[in-house]
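> Those protein sequences? They're chains E and F, same order as listed. So the first sequence is residues 1 to 463, counted in the UniProt record's numbering. So the second sequence is residues 1 to 463, counted in the UniProt record's numbering.
Just so you know, these hints were derived from the structure itself, not from any lab. Accuracy of the hints is not assured; some may be wrong.
Which copy is meant is left open, because identical chains are indistinguishable; a pair holds if it fits in one copy or across any two.
When the alpha-carbon atoms are kept at most 27 Å apart in a straight line, the in silico DSSO-like pairs for lysine-lysine are as follows [stated by the list, open to error]:
id	residue 1	residue 2
1	Lys-67	Lys-261
2	Lys-138	Lys-275
3	Lys-138	Lys-158
4	Lys-158	Lys-275
5	Lys-371	Lys-300
6	Lys-158	Lys-335
7	Lys-391	Lys-261
Number of protein chains: 2
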Amino acid sequence: MSESVAVIGAGLVGCLTAIALAKRDYDVTLFEYRPDPRLSTTEDRNLRSINLAISARGITSLEFIDKQISERVLRDIIPMHGRMIHDRDGNQEAQDYGLFGECINSIDRGLLNNNLLDEVDKLTNVKTEFLHKLSQIKFAAAGTGKQVCVFATNLTTKNYEFDFVVGCDGAYSTTRSQIQHNTRMDYSQEYVDCCYIELYIPPAAETNREFNGPFAISPNHLHIWPRHNFMLIALANRDGSFTSTFFGPWALLESLDSRAKIEEFLRHNFSDALKLIGTEQALNAFESNPRGALMCVECKPYHLNRGQAIIIGDAAHSMVPFYGQGMNCGFEDVKVLMQLLDKHQGDRSAAFGEYSEKRHTDLVSIIELAKNNYKEMSHSVTSKLYLMRKKLDTLLGRLLKDNWIPLYTMVSFKAEIPYHKAILKEQRQKKILVYLQAVILAFTSVGAFGIYKALRRTLKNYK
Amino acid sequence: MSESVAVIGAGLVGCLTAIALAKRDYDVTLFEYRPDPRLSTTEDRNLRSINLAISARGITSLEFIDKQISERVLRDIIPMHGRMIHDRDGNQEAQDYGLFGECINSIDRGLLNNNLLDEVDKLTNVKTEFLHKLSQIKFAAAGTGKQVCVFATNLTTKNYEFDFVVGCDGAYSTTRSQIQHNTRMDYSQEYVDCCYIELYIPPAAETNREFNGPFAISPNHLHIWPRHNFMLIALANRDGSFTSTFFGPWALLESLDSRAKIEEFLRHNFSDALKLIGTEQALNAFESNPRGALMCVECKPYHLNRGQAIIIGDAAHSMVPFYGQGMNCGFEDVKVLMQLLDKHQGDRSAAFGEYSEKRHTDLVSIIELAKNNYKEMSHSVTSKLYLMRKKLDTLLGRLLKDNWIPLYTMVSFKAEIPYHKAILKEQRQKKILVYLQAVILAFTSVGAFGIYKALRRTLKNYK
Numbered sequence: 001m002s003e004s005v006a007v008i009g010a011g012l013v014g015c016l017t018a019i020a021l022a023k024r025d026y027d028v029t030l031f032e033y034r035p036d037p038r039l040s041t042t043e044d045r046n047l048r049s050i051n052l053a054i055s056a057r058g059i060t061s062l063e064f065i066d067k068q069i070s071e072r073v074l075r076d077i078i079p080m081h082g083r084m085i086h087d088r089d090g091n092q093e094a095q096d097y098g099l100f101g102e103c104i105n106s107i108d109r110g111l112l113n114n115n116l117l118d119e120v121d122k123l124t125n126v127k128t129e130f131l132h133k134l135s136q137i138k139f140a141a142a143g144t145g146k147q148v149c150v151f152a153t154n155l156t157t158k159n160y161e162f163d164f165v166v167g168c169d170g171a172y173s174t175t176r177s178q179i180q181h182n183t184r185m186d187y188s189q190e191y192v193d194c195c196y197i198e199l200y201i202p203p204a205a206e207t208n209r210e211f212n213g214p215f216a217i218s219p220n221h222l223h224i225w226p227r228h229n230f231m232l233i234a235l236a237n238r239d240g241s242f243t244s245t246f247f248g249p250w251a252l253l254e255s256l257d258s259r260a261k262i263e264e265f266l267r268h269n270f271s272d273a274l275k276l277i278g279t280e281q282a283l284n285a286f287e288s289n290p291r292g293a294l295m296c297v298e299c300k301p302y303h304l305n306r307g308q309a310i311i312i313g314d315a316a317h318s319m320v321p322f323y324g325q326g327m328n329c330g331f332e333d334v335k336v337l338m339q340l341l342d343k344h345q346g347d348r349s350a351a352f353g354e355y356s357e358k359r360h361t362d363l364v365s366i367i368e369l370a371k372n373n374y375k376e377m378s379h380s381v382t383s384k385l386y387l388m389r390k391k392l393d394t395l396l397g398r399l400l401k402d403n404w405i406p407l408y409t410m411v412s413f414k415a416e417i418p419y420h421k422a423i424l425k426e427q428r429q430k431k432i433l434v435y436l437q438a439v440i441l442a443f444t445s446v447g448a449f450g451i452y453k454a455l456r457r458t459l460k461n462y463k
Numbered sequence: 001m002s003e004s005v006a007v008i009g010a011g012l013v014g015c016l017t018a019i020a021l022a023k024r025d026y027d028v029t030l031f032e033y034r035p036d037p038r039l040s041t042t043e044d045r046n047l048r049s050i051n052l053a054i055s056a057r058g059i060t061s062l063e064f065i066d067k068q069i070s071e072r073v074l075r076d077i078i079p080m081h082g083r084m085i086h087d088r089d090g091n092q093e094a095q096d097y098g099l100f101g102e103c104i105n106s107i108d109r110g111l112l113n114n115n116l117l118d119e120v121d122k123l124t125n126v127k128t129e130f131l132h133k134l135s136q137i138k139f140a141a142a143g144t145g146k147q148v149c150v151f152a153t154n155l156t157t158k159n160y161e162f163d164f165v166v167g168c169d170g171a172y173s174t175t176r177s178q179i180q181h182n183t184r185m186d187y188s189q190e191y192v193d194c195c196y197i198e199l200y201i202p203p204a205a206e207t208n209r210e211f212n213g214p215f216a217i218s219p220n221h222l223h224i225w226p227r228h229n230f231m232l233i234a235l236a237n238r239d240g241s242f243t244s245t246f247f248g249p250w251a252l253l254e255s256l257d258s259r260a261k262i263e264e265f266l267r268h269n270f271s272d273a274l275k276l277i278g279t280e281q282a283l284n285a286f287e288s289n290p291r292g293a294l295m296c297v298e299c300k301p302y303h304l305n306r307g308q309a310i311i312i313g314d315a316a317h318s319m320v321p322f323y324g325q326g327m328n329c330g331f332e333d334v335k336v337l338m339q340l341l342d343k344h345q346g347d348r349s350a351a352f353g354e355y356s357e358k359r360h361t362d363l364v365s366i367i368e369l370a371k372n373n374y375k376e377m378s379h380s381v382t383s384k385l386y387l388m389r390k391k392l393d394t395l396l397g398r399l400l401k402d403n404w405i406p407l408y409t410m411v412s413f414k415a416e417i418p419y420h421k422a423i424l425k426e427q428r429q430k431k432i433l434v435y436l437q438a439v440i441l442a443f444t445s446v447g448a449f450g451i452y453k454a455l456r457r458t459l460k461n462y463k
């Protein structure tokens, strides 16, 4: 008889985990505390869902689990080749992401989730239970019996028994806290001083279409209105609309305590975006939409001994959204975990142990990178020195191929480079880059020959 | 009418808080989930209570709250002038703590707690409720109403309403987690790889008394058996017994998986202590006594806005016991909080806000110091270089008075120096000390005159 597993949380990572485990012949039950999102008839958009960008790690992980499923669930993605920077006067300037035209891809979180749930439904060995909120896990004391999961449902509580539990229940994970009661888990949560508010840019009117579809601005860029310590971003949806998000310090939001102040603030900083969103709508959103907090979570280990439980995705490593890696990293978790289960031929104790040991460095690396990228997105992208260094970085990347890979490329387009190795390589490259930049700035007066000599000398030393 | 406050936890910090608030005319209810410890008739010693050392910060804080109460609750302390280092052959060597005979003081945690509870009982505006386990706090949404505390009692739950709540409920604080649900609290918990087991050294037989009382070893020292990555310590109790604690890495404990292995381990490392404890008793303790984990907790902020709740003591900053500052720091929390309430004339919102802002640096400082002191206690105290530096440190402290104060003196005997300032001063002193030591070692061959010149030059530069 096959072993039974509870997957807690039917979000993106939970759905993919259920699919991956079902394909490995486990007897899977997928629990979700919300109702089935596919049944919601009204237009109740979740107003706290930052739009998603799926890139190489997410896609290769989906493909590793199932190539056909990957193709089906990703049919609606919109490629984004780079950033589009909007200045205060409404001027736009594109900055490519890749060296050779690589792109990341915008996708609506709700849509992707529904697609994944449809795939889950096709599998005979996955049961899905909505409106089941996990309240407790009673782990078998000796480590040999079943784990009893207690769920709060509509009016009562229900108990279910499983051989093991996989927690994909997000930043405020109950699975995690239940594991914490049974093992010495290091844990930290840190709020960054950044609040977010979701806004909505509707599809363009018929008369105003310069893009391939009803888009008011380029659908193939991630739009950024960088204003130093705050910013606005926008990602395209298939229907021509854009999901836009404002990020800024809490104190700033609290200082905008009247409709007049909000309007002045928006007009001064985001005049072109205000026209796209609609003044009335933008003011309403700033006044009434929920204000999200951004929290980083790190912990270790991720599992209980004896293969009783493990957490992956946001439950194990919640990060800020500024590198677009949260979901990608979560999907990669599923891939890594499955590879280890395959390697250890289903010996969960060994697989979970190795997962905690080996995955940790990569997870803390991407959490750190994501935190640091806020400054890059909201501020550096407008700095001349930054842009010069970025051009140099791109140039070296194109010339030296695999011997020089810009950090963004490693993180977003090179799934085969683990996060922590990307950071190590970047540290080496950055030293050279800063030096090179200084040399170039110094030799500018000496003219092209000086630059050429300096470049040649440095490149010769670098292998 | 006076404002009502729930103090959660009737441990050391909770009792002192109840007393301090009652003296400020608040209407106090003190809740404790355990039964009244004074009613326990059997000899059910708590086997996980590291003995306590109270020093200047603890004593001055008690005195700040109430000088008479301080005298009464501390009547049973035993002064400890220094460490007594035991080597493998049973040789003992004393190392003074202070420069001028200052001492820290051993006290039984249970005894001190009972004394404080007796003082609580004398106050008319404190009610005490035992066997009340906090399960939830419903904070008034608008911040203006009462906070509803839900307690699980014997068979049912009970609700109580208060103007505000002070959480003194220890490292696994429920008050803290309830505050976390209502504010963006940074939080981290980290386990150190150290397990502890409590042991018991009985009073000496009548025929074997070289000390003033039935003590088998000096009552006026903190005994340490330092063995590099593990150690044993012992603190005297009034009745002639010692509370002894073993500290060591978890893997070491797990490797001692038979009675024979434990016995060999103890005989090899702690032969003299084994005679004091009794071989049979020591083996039983290693096999059956609970094994404690050591966890560091840091968080910020400590309060909810609008003066609804605050956490102090271990609930806010759990630290490892190696600097003997856990309780001292907790008592100081009470003092600092009361000073701020006095300063802001009962405006809790202002007082709590300032507490979170100002107290944090000191709390993370002492958490860090305590963590680092494990190495000093278990290892450095046997190093010749360490001892030389310590002698030099003491010498400079005696010569330069307030211009040079060894770190241990600042932390344990100078309550007027905040923890974080002690660290800053120590960093400055340590640089000089390391330099001086190098100079002395280098000049040893040149003879006394070289040392004298080097010393004079350095001291002249230092003010």
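> Compare the structure with each hint and give your call.
Hint check:
1. In the homo-oligomer, the alpha carbons of Lys-67 and Lys-261 never lie at most 27 Å apart, since the shortest distance is 51 Å inside one protomer and 55 Å across protomers.
2. When the C-alpha separation of Lys-138 and Lys-275 is checked against a cutoff of 27 Å, the pair qualifies neither within a copy, at 55 Å, nor between copies, at 43 Å.
3. In this assembly of identical chains, the alpha carbons of Lys-138 and Lys-158 lie at most 27 Å apart whether taken from the same copy (13 Å) or from different copies (26 Å).
4. For a Cα distance limit of 27 Å, the shortest separation of Lys-158 from Lys-275 qualifies neither inside one copy, at 51 Å, nor across copies, at 55 Å.
5. With identical chains, the CA atoms of Lys-371 and Lys-300 are at most 27 Å apart both within one copy (19 Å) and between copies (19 Å).
6. Taking the shortest alpha-carbon separations for Lys-158 and Lys-335, neither the intra-copy value of 31 Å nor the inter-copy value of 48 Å comes in at or below 27 Å.
7. Neither within a single protomer nor between protomers do Lys-391 and Lys-261 lie at most 27 Å apart by alpha-carbon distance, with minima of 39 Å and 65 Å respectively.
The structure is inconsistent with the numbered hints 1, 2, 4, 6 and 7, although it conforms to all the rest.
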